[in-house]
Amino acid sequence: MSDKAIISPLPGVFYRKPSPEEGNYVEEGQQVEAGDVIGLVEVMKNFHEIKAQESGTVESFLVENETVIDAGQEVAKLK
Amino acid sequence: MIKVLEPGIETTVQDKGREGYYEIGMPPSGAMDRYSYLAGNLLVGNEENASSLEITYMGPKLQFEEDAVIAITGGEIPPKINDEPVPMWTTLTIKKGDILSFDFVKSGARVYLAIAGGIDVPVLQGSRSTYTLCQIGGFEGRALKAGDELKIGEMQETSVKEGTAIPDEFIPAYKKSHEIRVIIGLCSYRLTEESKQRFLDLEWKVTPEANRVGYRFKGERLNFVEREQPFGAGSNPSNVTDLGYPIGSIQVPDGIEPIALLNDAVTGGGYATIATVISTDLSHMAQIKTNETVKFKAVDLDEALEARKEVRRKLDKIRELTTGQK
Chain A
0 MSDKAIISPL PGVFYRKPSP EEGNYVEEGQ QVEAGDVIGL VEVMKNFHEI KAQESGTVES
60 FLVENETVID AGQEVAKLK
Chain B
0 MIKVLEPGIE TTVQDKGREG YYEIGMPPSG AMDRYSYLAG NLLVGNEENA SSLEITYMGP
60 KLQFEEDAVI AITGGEIPPK INDEPVPMWT TLTIKKGDIL SFDFVKSGAR VYLAIAGGID
120 VPVLQGSRST YTLCQIGGFE GRALKAGDEL KIGEMQETSV KEGTAIPDEF IPAYKKSHEI
180 RVIIGLCSYR LTEESKQRFL DLEWKVTPEA NRVGYRFKGE RLNFVEREQP FGAGSNPSNV
240 TDLGYPIGSI QVPDGIEPIA LLNDAVTGGG YATIATVIST DLSHMAQIKT NETVKFKAVD
300 LDEALEARKE VRRKLDKIRE LTTGQK
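Chains as they are written, first to last, in numbering that gives the first Met the number 0: chain A, 0 to 78; chain B, 0 to 325.
A couple of the hints might just be wrong.
To be verified - Below 30 Å or equal to it, Euclidean Cα-Cα: the simulated BS3-like pairs (lysine-lysine) are:
{"no.": "1", "chain 1": "B", "residue 1": "175", "chain 2": "A", "residue 2": "44"}
{"no.": "2", "chain 1": "A", "residue 1": "16", "chain 2": "B", "residue 2": "144"}
{"no.": "3", "chain 1": "B", "residue 1": "294", "chain 2": "B", "residue 2": "79"}
{"no.": "4", "chain 1": "B", "residue 1": "79", "chain 2": "B", "residue 2": "174"}
{"no.": "5", "chain 1": "B", "residue 1": "174", "chain 2": "A", "residue 2": "50"}
{"no.": "6", "chain 1": "B", "residue 1": "79", "chain 2": "B", "residue 2": "105"}
{"no.": "7", "chain 1": "A", "residue 1": "44", "chain 2": "B", "residue 2": "79"}
{"no.": "8", "chain 1": "B", "residue 1": "217", "chain 2": "A", "residue 2": "16"}
{"no.": "9", "chain 1": "B", "residue 1": "60", "chain 2": "A", "residue 2": "76"}
{"no.": "10", "chain 1": "A", "residue 1": "50", "chain 2": "B", "residue 2": "144"}
{"no.": "11", "chain 1": "B", "residue 1": "105", "chain 2": "A", "residue 2": "78"}
{"no.": "12", "chain 1": "B", "residue 1": "174", "chain 2": "B", "residue 2": "294"}
{"no.": "13", "chain 1": "B", "residue 1": "217", "chain 2": "A", "residue 2": "50"}
{"no.": "14", "chain 1": "A", "residue 1": "76", "chain 2": "B", "residue 2": "175"}
{"no.": "15", "chain 1": "B", "residue 1": "160", "chain 2": "B", "residue 2": "79"}
{"no.": "16", "chain 1": "B", "residue 1": "195", "chain 2": "B", "residue 2": "60"}
{"no.": "17", "chain 1": "B", "residue 1": "217", "chain 2": "B", "residue 2": "174"}
{"no.": "18", "chain 1": "B", "residue 1": "204", "chain 2": "A", "residue 2": "16"}
{"no.": "19", "chain 1": "A", "residue 1": "44", "chain 2": "B", "residue 2": "95"}
{"no.": "20", "chain 1": "A", "residue 1": "50", "chain 2": "B", "residue 2": "2"}
{"no.": "21", "chain 1": "A", "residue 1": "3", "chain 2": "B", "residue 2": "105"}
{"no.": "22", "chain 1": "B", "residue 1": "144", "chain 2": "B", "residue 2": "95"}
{"no.": "23", "chain 1": "B", "residue 1": "60", "chain 2": "A", "residue 2": "50"}
{"no.": "24", "chain 1": "A", "residue 1": "16", "chain 2": "B", "residue 2": "60"}
{"no.": "25", "chain 1": "A", "residue 1": "76", "chain 2": "A", "residue 2": "50"}
{"no.": "26", "chain 1": "B", "residue 1": "79", "chain 2": "A", "residue 2": "50"}
{"no.": "27", "chain 1": "A", "residue 1": "44", "chain 2": "B", "residue 2": "174"}
Keep in mind that the hints were calculated from the coordinates and are not lab data.
A quick note: this is a predicted structure, and the numbers were derived from the prediction, not measured.
So here's chain A without its partners, still in its complex pose (with noise of 0.2 Å):
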């Protein structure tokens, strides 16, 4: 098992980016470190930022952005 994941936390819409009118995080195939915000979940009228666990190489985003998601989901395949 050497694929690693982004898990959420939290329950609620997942978003990519973190205005409208700004562009994603991060991208497909882009390296990120652990502690690196990669998306935001909006849950109880607020955002709370979706951090890496641990560094790697962006695969592929596993869900879209702006739907709901469940606490514990993975939003993201690490490499």
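On the provided structure of chain A, position chain B as indicated by the hints.
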């Protein structure tokens, strides 16, 4: 002292609630999952109304600056002391300098951290509960932030032996689909017969708007009976002349997206309340997450009162267990 290293996303001080001010528009606040909250206090020998921390979705990271006795109850957000897993629903000791943290939520939505002695915050209108919308009660009227320091209070009544554990039969388990019991009314007469049935038949999905104030659900539009607008009521078919909203009451503004009003909600208004969650199942409501589903089951008052007695019996048994093992 307990130092907040990381606050979690919504960690607040709560007790049984600020009761007795509903008629002036003050909701009770208080622990949403009252069963787990009360069980936590029993496990640390606290008085029934001692203040605990209510933790939602994501646990805080807390450094204890003195020895303490604690218990963690509620949904499953696995706790760790100094990175080692520790059991929930169990009397634990934690030493000066130890760090309490939590893993990702496994099931449910909220846990309660009971600390022997409770959390020492000022009493406001008979309660230490936080009401964040009005920024009153609890710790400075708000959810905890990094750097806060909590003082342990003197609300312990008796000491409970370390390792005292609540048996599995008293520990609720939560899935991603939930059944919540309701009593139909007060204004269910406003719905068409077909919509009344649809309300009970549908699996409602919990939206991201789900917090201590209320839970909003997605499903399908419900329809109201045609009528002449009564004096004092709004023009929308979902409006009635203003009434007090029971805690746990469900309203359907404009017939779309029902909202269950909970501990921090508005106390009255002009939307027809079509059903009310029975008091014991409010504890279960507190453990439901966004994106999970709920089916409402209609029960009568006898069944609701029997359910309440059953919860009291369980808490009495837990009390026997914790006080018997001194």
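Each hint tested on the structure:
Taking the CA atoms of residue 175 of chain B and residue 44 of chain A, the gap is about 22 Å. The hint holds against a cut of 30 Å. A hinted pair counts as satisfied when its Cα atoms are at most 30 Å apart, and residue 16 of chain A with residue 144 of chain B qualifies at roughly 25 Å. Proposed proximity of residue 294 of chain B and residue 79 of chain B is contradicted: the alpha carbons are some 34 Å apart, above 30 Å. For the hint pairing residue 79 of chain B with residue 174 of chain B, the CA-to-CA distance comes to about 23 Å; that is within 30 Å, so the pair holds.
A C-alpha spacing of about 26 Å is found between residue 174 of chain B and residue 50 of chain A, which places the hinted pair at or below 30 Å, so the restraint holds. Under the criterion of a C-alpha separation no larger than 30 Å, the hint pairing residue 79 of chain B with residue 105 of chain B is consistent with the structure, at around 14 Å. Under the criterion of a C-alpha separation no larger than 30 Å, the hint pairing residue 44 of chain A with residue 79 of chain B is consistent with the structure, at around 29 Å. For the given pair, residue 217 of chain B sits about 25 Å from residue 16 of chain A by alpha-carbon distance, which is consistent with the 30 Å threshold.
As the CA atoms of residue 60 of chain B and residue 76 of chain A are separated by approximately 27 Å, the hinted pair is consistent with the 30 Å bound. Between residue 50 of chain A and residue 144 of chain B the alpha-carbon distance is near 19 Å, which keeps this suggested pair within the 30 Å criterion. Proposed proximity of residue 105 of chain B and residue 78 of chain A is supported: the alpha carbons are some 25 Å apart, at most 30 Å. Between the alpha carbons of residue 174 of chain B and residue 294 of chain B the distance comes to roughly 13 Å, so the proposed pair stays at or under 30 Å and holds.
Taken as a hint, the residue 217 of chain B and residue 50 of chain A pair is honoured in the structure, with Cα atoms around 29 Å apart against an allowance of 30 Å. As the CA atoms of residue 76 of chain A and residue 175 of chain B are separated by approximately 24 Å, the hinted pair is consistent with the 30 Å bound. At roughly 20 Å between alpha-carbon atoms, residue 160 of chain B and residue 79 of chain B fall within 30 Å of each other, so this suggested pair holds. With a C-alpha separation of about 45 Å, the suggested pair residue 195 of chain B and residue 60 of chain B falls outside the 30 Å cut-off, and the hint is violated.
A C-alpha spacing of about 19 Å is found between residue 217 of chain B and residue 174 of chain B, which places the hinted pair at or below 30 Å, so the restraint holds. This hinted pair checks out: residue 204 of chain B and residue 16 of chain A have alpha carbons roughly 25 Å apart, not beyond 30 Å. Between residue 44 of chain A and residue 95 of chain B the CA atoms are separated by roughly 36 Å; this puts the pair beyond 30 Å, and the hint is violated. Under the criterion of a C-alpha separation no larger than 30 Å, the hint pairing residue 50 of chain A with residue 2 of chain B is consistent with the structure, at around 24 Å.
Only pairs whose Cα atoms come within 30 Å are accepted, and residue 3 of chain A paired with residue 105 of chain B is accepted, the gap being roughly 19 Å. Of the supplied pair hints, the one linking residue 144 of chain B and residue 95 of chain B holds, its CA atoms being roughly 21 Å apart against a limit of 30 Å. At roughly 17 Å between alpha-carbon atoms, residue 60 of chain B and residue 50 of chain A fall within 30 Å of each other, so this suggested pair holds. A C-alpha spacing of about 27 Å is found between residue 16 of chain A and residue 60 of chain B, which places the hinted pair at or below 30 Å, so the restraint holds.
Straight-line distance between C-alpha atoms of residue 76 of chain A and residue 50 of chain A comes to about 13 Å, which keeps the hinted pair within the 30 Å bound. For the hint pairing residue 79 of chain B with residue 50 of chain A, the CA-to-CA distance comes to about 21 Å; that is within 30 Å, so the pair holds. A threshold of 30 Å between alpha carbons decides the hint, and for residue 44 of chain A with residue 174 of chain B the separation of about 24 Å falls inside it, so the pair holds.
When each numbered hint is compared with the structure, violations occur for hints 3, 16, 19.
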